[in-house]
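These protein sequence lines map, in sequence, to chains A and B.
Counting along the first sequence from 1, when you hit position 264 you're at 264 in full-length UniProt numbering, and nothing is skipped either side.
Counting along the second sequence from 1, when you hit position 78 you're at 78 in full-length UniProt numbering, and nothing is skipped either side.
Do not take every clue at face value.
In the SDA-like style, the derived pairs of lysine to any residue whose C-alpha atoms are separated by at most 20 Å in a straight line are [to be verified]:
| hint | chain 1 | residue 1 | chain 2 | residue 2 |
| --- | --- | --- | --- | --- |
| 1 | B | Lys-324 | A | Gly-183 |
| 2 | B | Lys-324 | A | Lys-246 |
| 3 | A | Lys-70 | B | Lys-158 |
| 4 | A | Lys-78 | B | Ser-49 |
| 5 | B | Lys-324 | A | Leu-203 |
| 6 | B | Lys-158 | A | Gly-59 |
| 7 | A | Lys-226 | B | Ser-49 |
| 8 | A | Lys-246 | B | Ser-190 |
| 9 | A | Lys-325 | B | Arg-27 |
| 10 | A | Lys-269 | B | Ser-170 |
| 11 | B | Lys-158 | A | Gly-305 |
| 12 | B | Lys-342 | B | Ser-49 |
Some but not every residue of chain B turned toward chain A, in silico, with C-beta under 8 Å [said to hold, decoys possible]:
| hint | residue |
| --- | --- |
| 13 | Met-172 |
| 14 | Asp-270 |
| 15 | Pro-320 |
| 16 | Thr-335 |
Under 7 Å between C-beta atoms, here's a sample of chain B residues computed to sit facing chain A [claimed, not checked]:
| hint | residue |
| --- | --- |
| 17 | Gln-267 |
| 18 | Asn-314 |
| 19 | Trp-318 |
It should be emphasised that the hints constitute simulated quantities derived from the structure, not laboratory data.
Just so you know, these numbers come straight off a predicted model, no measurement behind them.
Using N, Cα and C, we set each Cβ at its ideal position, and we do this for glycine too.
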Amino acid sequence: MSSRTRRATAVVATTVLVAALAACSSTGGRKAVEDAERARNAGKATTPKMTIALVTHSGPGDTFWDIVRKGAQDAAAKDNVDLQYTADPDGAKQANLVQQAIDKKVDGIALTLAKPDAMQGVVKKAVAAKIPVVALNGGLDRWKAMGVTSYFGQDEKIAGQQAGDRMLKEGAKHPICVIHEQGNVGLEDRCAGVKQRIPATQLLYVDGKSPASMQTAITSKLQQDKAIDYVLTLGGPIATVAVQSKASAASTAKIVTFDTSQDLINAIKAGTVQWAVDQQPYLQGYLAVDQLWLLKTNGNIVGGGQPVLTGPAFIDKSNVAAVEKFAASGRR
Amino acid sequence: MGTSASTPAAAVDDRVAPRSGSVRLLRRPEIGALLGAVVVCVFFLIVASAFRNVDNVGTILYGAATIGIMAVPVALLMVGGEFDLSAGVAVTSAGLAASLLAWYFNFHVWFAVLLALLISLAIGAFNGTMLNRTGLPSFLVTLGTFFILQGVNLGMTKVVTGNVASNNISDMQGFESAQHVFAWEASIGSVAIKAPVVYWLVITVVAAVVLLKTRFGNWIFAVGGDADAARAVGVPVHLVRLVLYMFVGFCAWLAGMHLLFEFNTVQSGDGVGNEFIFIIAAVVGGCLLTGGYGSAVGASIGALIFAMTQLGINYAGWNPDWFKTFLGVMLVLATLVNLWVKKKADAR
Chain A
1 MSSRTRRATA VVATTVLVAA LAACSSTGGR KAVEDAERAR NAGKATTPKM
51 TIALVTHSGP GDTFWDIVRK GAQDAAAKDN VDLQYTADPD GAKQANLVQQ
101 AIDKKVDGIA LTLAKPDAMQ GVVKKAVAAK IPVVALNGGL DRWKAMGVTS
151 YFGQDEKIAG QQAGDRMLKE GAKHPICVIH EQGNVGLEDR CAGVKQRIPA
201 TQLLYVDGKS PASMQTAITS KLQQDKAIDY VLTLGGPIAT VAVQSKASAA
251 STAKIVTFDT SQDLINAIKA GTVQWAVDQQ PYLQGYLAVD QLWLLKTNGN
301 IVGGGQPVLT GPAFIDKSNV AAVEKFAASG RR
Chain B
1 MGTSASTPAA AVDDRVAPRS GSVRLLRRPE IGALLGAVVV CVFFLIVASA
51 FRNVDNVGTI LYGAATIGIM AVPVALLMVG GEFDLSAGVA VTSAGLAASL
101 LAWYFNFHVW FAVLLALLIS LAIGAFNGTM LNRTGLPSFL VTLGTFFILQ
151 GVNLGMTKVV TGNVASNNIS DMQGFESAQH VFAWEASIGS VAIKAPVVYW
201 LVITVVAAVV LLKTRFGNWI FAVGGDADAA RAVGVPVHLV RLVLYMFVGF
251 CAWLAGMHLL FEFNTVQSGD GVGNEFIFII AAVVGGCLLT GGYGSAVGAS
301 IGALIFAMTQ LGINYAGWNP DWFKTFLGVM LVLATLVNLW VKKKADAR
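Can you build the whole structure from these sequences, using the hints too?
See the structure below:
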């Protein structure tokens with residue numbers, strides 16, 4: 001390195017450093033959140049360490065499943081459990097992940113049954129190997145027949161019907177139901193439930209992996225059909241995109257959604273989104289792990305062999321403040 | 001390359017004889033796409049009443065712009081004979097980088113935006129350098145980058161925020177002014193124009209001028225046509241590839257900044273699959289998958305065809321179960337029109 005390039009490097013490095021120090025924001029950011037996080041720390045069990053596998057059908061980077069995972073992690077930390085989390089949206093690959101957990105001889109398996117037919121074989125294998133299995137989130141009508149111990153989740157069709165009931169009560173006549181993952185049984189069930197209550201409901205498929213494409217798709221639908229008075233999305237981040245679409249299309253439609261995210265809680269508070277159907281994903285992860293621990297340490301079965309429903313509950317302007325303080329850490 | 005053969009007027013060889021203006025026009029790579037675009041446009045004007053509404057032009061242009069901003073640099077890269085499979089997630093990486101840096105270090109938003117630019121350019125430089133050094137197919141090199149970025153996007157976001165989405169930074173200093181630059185909206189009459197539309201047009205014009213009117217443009221065609229031959233006549237092949245990949249990086253940064261300031265937060269899993277949409281737009285726009293042939297304007301028209309089809313189906317209010325099928329049929333038709341025009345022109 002010549003002395004000239006060395007001097008140039010030094011100048012650049014110093015400039016970046018000085019700029020970094022000078023270019024700080026005095027509002028928002030990490031500082032605000034860290035204090036809140038420090039406050040939480042629950043008690044801890046002294047039972048011997050056990051290993052639990054949590055296998056979901058989540059795609060990478062999904063807000064909803066991150067909340068489920070956080071619930072499971074918090075329960076694992078409390079119960080002295082070594083939690084092994086894996087996920088794959090493909091049914092066959094998810095079954096393979098469960099097989100790997102069986103091979104590792106874990107003490108318990110928590111899994112989702114979004115694609116029950118693909119999972120059936122491997123669940124039976126786990127039960128035959130005397131590994132207790134609990135299900136969460138999906139597979140309400142199938143878990144019992146497979147020999148699964150308990151189920152934590154909501155009935156998607158009932159949740160859809162309740163969302164439809166509420167929209168009907170608020171005067172909805174021409175809603176659209178936005179599906180961001182084509183072929184997902186749970187999402188289709190929700191919209192089917194809404195459609196049972198409001199037959200004029202139209203479906204709109206969008207690409208959940210591209211916010212810009214979701215925005216234009218919803219905008220164009222609102223522009224095409226001015227009669228649309230409600231936009232129902234099936235995920236928190238999609239609802240905030242729909243807010244942008246509504247502005248672009250100069251539409252007066254109300255925006256409501258399933259499932260929450262940090263940003264969505266703010267949107268409900270600000271009034272840009274009316275309400276969200278909450279199935280308490282944190283609870284699904286937490287209870288699934290806690291159930292396996294209870295079964296091993298005390299032989300308990302939560303719900304006594306009946307499904308444990310974690311939703312649907314509604315978050316709207318009247319109760320958003322109570323939820324808001326927990327949303328900052330990504331747990332609601 | 002770039003040397004135009006001056007033909008002695010006396011001995012006219014039919015291989016280099018000047019062609020009539022209309023044939024020269026028809027031989028341009030983007031003409032087929034342009035006709036395809038007209039066909040798609042007329043089709044939806046007939047079947048979808050909402051498509052006829054002038055107010056909705058802004059929505060269609062915005063849909064095209066979010067694809068076109070990336071399709072143009074990807075097209076240039078394809079003319080240069082290379083692929084970039086990391087282009088889709090690179091957009092997400094740029095948005096995440098700016099958001100996470102600002103939030104974690106409490107940086108002024110503009111400072112984080114500039115750091116994100118450096119990161120995006122570095123990703124492009126990494127792709128280009130890897131390709132130049134190893135000589136592996138760009139398909140493999142950028143496939144590696146695709147997976148690396150996908151993992152980093154998720155892992156880094158999780159490490160920094162503890163969640164899978166970036167935190168909202170709209171309350172931080174500099175956010176508003178950055179929003180005015182990257183996510184503004186203006187009205188021309190009743191048509192609302194969003195920021196990416198203007199950036200898209202500028203990038204298209206700049207890329208088209210560089211490709212057709214400059215020595216560097218000739219180098220791109222030469223490298224894509226035959227890299228060894230180009231090197232033999234003194235074209236700096238490695239430099240050309242490096243610049244092309246860094247141009248993809250720059251445009252990914254621009255698109256990523258728009259996403260960040262339009263939607264306030266970025267989901268770490270977004271962007272996967274978009275790389276193919278960019279490549280499709282470039283191919284529909286007349287780029288050959290083998291390199292050495294194509295155009296920037298064509299890629300932009302390809303993006304427009306894609307957006308018109310996508311939104312036209314919504315505007316027509318068709319049964320959404322068949323959405324992807326409609327999309328596929330329209331794209332194949334557009335490409336066939338494209339091919340047919342090219343054959344006709346070549347036959348003349």
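Enumerate the violated hints, using their earlier numbering and listing them in ascending order. Result: hints 2, 4, 9, 11, 12, 16 and 19 break, sorted rising.
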